[in-house]
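Protein chains in written order, with the numbering used here: chain A, 1053 to 1196; chain B, 4 to 166; chain C, 84 to 344; chain D, 2 to 107.
Each hint should be verified, as a subset may be incorrect.
What the hints assert, rightly or not - Using 20 Å as the maximum straight-line C-alpha spacing, the simulated EDC-like pairs for lysine to aspartate or glutamate come out as follows: (1) Lys104/B - Glu235/C; (2) Lys1129/A - Asp1091/A; (3) Lys1194/A - Asp1091/A; (4) Lys104/B - Glu30/D; (5) Lys271/C - Asp1117/A; (6) Lys12/D - Glu63/D; (7) Lys12/D - Glu82/D; (8) Lys104/B - Asp86/B; (9) Lys1194/A - Glu1097/A; (10) Lys104/B - Asp1117/A; (11) Lys271/C - Asp1091/A; (12) Lys104/B - Asp93/B; (13) Lys114/C - Glu291/C; (14) Lys53/B - Glu82/D.
What the hints assert, rightly or not - To give an idea of the interface, some chain B residues facing chain C are shown, with a C-beta separation under 10 Å as derived from the structure: (15) Lys59; (16) Gly63; (17) Leu67; (18) Pro70; (19) Asn75; (20) Thr78; (21) Ala91.
No wet-lab data here; the hints were simulated from the structure. Even glycine gets a Cβ: it sits at the ideal position worked out from N, Cα and C.
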Amino acid sequence: MACAATVALAAPVCAQNDVKSYEVRGDAIPQSLTGTTGDPTRGREIVTNRFVGLCMLCHTGPFPDVPQQGTLAPDLKGAGTRWSVAQLRMRIVDSSRVVPDTIMPAYYRTDHLQRVAPQFRGKPVLTAEQIEDVVAFLATLKEN
Amino acid sequence: MPSTCKPSNLTSRRDALRLMGAATAGYALTIVRVTPLAATPADMRTAIEKITGGAKVSAGRVHLEIPPLVENGNTVPCAVTVDSPMTAADHVRAIHIVTEKNPQPNVISCRLGPRAGRATVSTRMRLSDTQTVVAIAEMSNGSFWSGSVNIIITLGACLEDLI
Amino acid sequence: MSPMRCAALLAGLLIVASAIAGASEDLPREKQRSSYDDMAPATRAMQDADTDNPGMLWVLDGEALWRAKTGSAARACADCHGDAKQSMAGVAARYPAFDAKRGGPVTLEGRINACRVENQNAQTLAYESRELLALSAYLALQSRGKPIAIDEKKLGETIAAGRDIFRQRQGQLNLSCAQCHDQHYGGKLAGNTIPQGHPNGYPLYRLEWQTLGSLQRRLRNCLTGIRAENHAYGSRELIALETYLMWRARGMSMESPAVRP
Amino acid sequence: MARALVNIPPKAKRGEVITIRTLMSHQMETGFRYSTTGAPIPRDIITTFIATYNGEEIFRAELFPAIAANPFITFTTVATESGTIELTWRGDNGFAASEQATITVE
């Protein structure tokens, strides 16, 4: 019953502005946000670009060409072994649905946010295409 | 089971969380990321040739000291010391600092002589990226010596609005 | 409803709950750590020697402005306050202070401007102007080594309002000040050590800026970084945040003009 | 206001090597930046720094845009005789500033 009462509050998965709807199963989003598989090469560029993916600000990863990686979040090494593609997608789209108090921003959510700067309002951090590229790349990180 | 997609109806709550509220009037955010044109290692070689007039540069005698942890590329402390007795007969005439990837290779060119007593100068420079920095000394006998160091630059994590 | 759906909704609920409560303790005093302690030796050296500290260039300007007659009253700060080394010793460590006339907090910059308007018949100085930075640096220097002491009895409400802002998740990146500066200090955000964020050295010379700047400029930088709507200089929100941060740093030694990466 | 911070020891022994530390307030605008409207911001830097000791040049530096704002330069000189050390900074847009200090050599 408690669940039913909270539907309105806890339904962030909504097509709003640039965010399309997606289906969550457990801790995973099985379907590609774009309907196609992403490009891991482009994904690597996004992940390692501190102004686009922002990943390396917090995460460490097996990228010798990226100096000064963050230490606030888990090493991305082996991410593709630890998680399935569907689980990776969930964690990038909205990791707070897996770890509620995470510091990781939801990369594909535009609601439940406060005081967003005007130029970012209604926009997710990454587009559906970029997220698929990132997922495709992280899935290749098999080395533990 | 798929999650439903309902329009979220949180406007009032979000507004309540806005804390004292209002958007600031007249606020305009301008993010300026300065990405200057970068010189190349070839430009640095050209700059060195201009300094030396094409003379041979030997590695050694020049010590370029830059702290191992450079916290910001906009202000990098550096000191150059040259092994030299700094006598009238044998001294350093000039010390130059050049870089590989800054928009322009030259950083500073200093003229000194035996009156300096020691061949040591220091300054603070800007480094646009992780790169090699080279110091060149011109000796009183016309020979050129150099020392170099590769510097890793910490980039600021956040961009700021230009004020 | 399936358990799975329920779990998803529950997770959603938790987000809401944690956003509302945000209930962590204030950083305990025994854990307070100045950003100075995390700086590289070369950067510390730049702060330590007055002849190497670029912030002292503003202090020199401030000293001259302190003695300069200004406004239609043709009155210098020194005409009323005398030698700042005596009259202003420890003053900046008590700002923001409670202003009885306004019934609320006033920052050091706000006090300087109020004094200009009320006693010198001069124009206010803009935030981040050379003059305001110079005067505030000169005043703050007179508190160097003094412990920060905010009037928590009179400024309790402002401190509480600042704490709320400090703990509010905001911006496209949905981060609060507290998440970085209470919970993850010491960690590396890219190559940068996250400091506890104590304002014990303002105005300070930031290597990144290559100039002196106020605490409010720094706060605005952080808000920009998390892609949040910004607050205007001198706004109630920034003053509240400034007051809370100074209270949070109570007892710490003033280092102005500090040098920071 | 062209403020400088200069540190020259007021006293030295004859023949002693002294270090002169200088800090000059100047933004050192590189000429490689653009304003928010996309217009290039013109270069405005200090280009030359000269030190003289009783009128004789003892040190000179040519500065480029890669020198950080508020240029900091240190160098050494042999304390030869009592007198005046004069430091001069020159730059774009007619920038000129100088500082003097006296030194007593025993």
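Here is what the structure says about each hint:
no. : hint                  : verdict
1   : Lys104/B - Glu235/C   : violated (52 Å)
2   : Lys1129/A - Asp1091/A : holds (19 Å)
3   : Lys1194/A - Asp1091/A : holds (17 Å)
4   : Lys104/B - Glu30/D    : holds (18 Å)
5   : Lys271/C - Asp1117/A  : holds (18 Å)
6   : Lys12/D - Glu63/D     : violated (29 Å)
7   : Lys12/D - Glu82/D     : holds (10 Å)
8   : Lys104/B - Asp86/B    : violated (27 Å)
9   : Lys1194/A - Glu1097/A : holds (18 Å)
10  : Lys104/B - Asp1117/A  : holds (17 Å)
11  : Lys271/C - Asp1091/A  : violated (29 Å)
12  : Lys104/B - Asp93/B    : violated (33 Å)
13  : Lys114/C - Glu291/C   : violated (27 Å)
14  : Lys53/B - Glu82/D     : violated (37 Å)
15  : Lys59                 : violated (33 Å)
16  : Gly63                 : violated (25 Å)
17  : Leu67                 : violated (14 Å)
18  : Pro70                 : holds (4 Å)
19  : Asn75                 : holds (4 Å)
20  : Thr78                 : holds (4 Å)
21  : Ala91                 : violated (31 Å)
Hints 1, 6, 8, 11, 12, 13, 14, 15, 16, 17 and 21, counting from the list given before, are not met by this structure.
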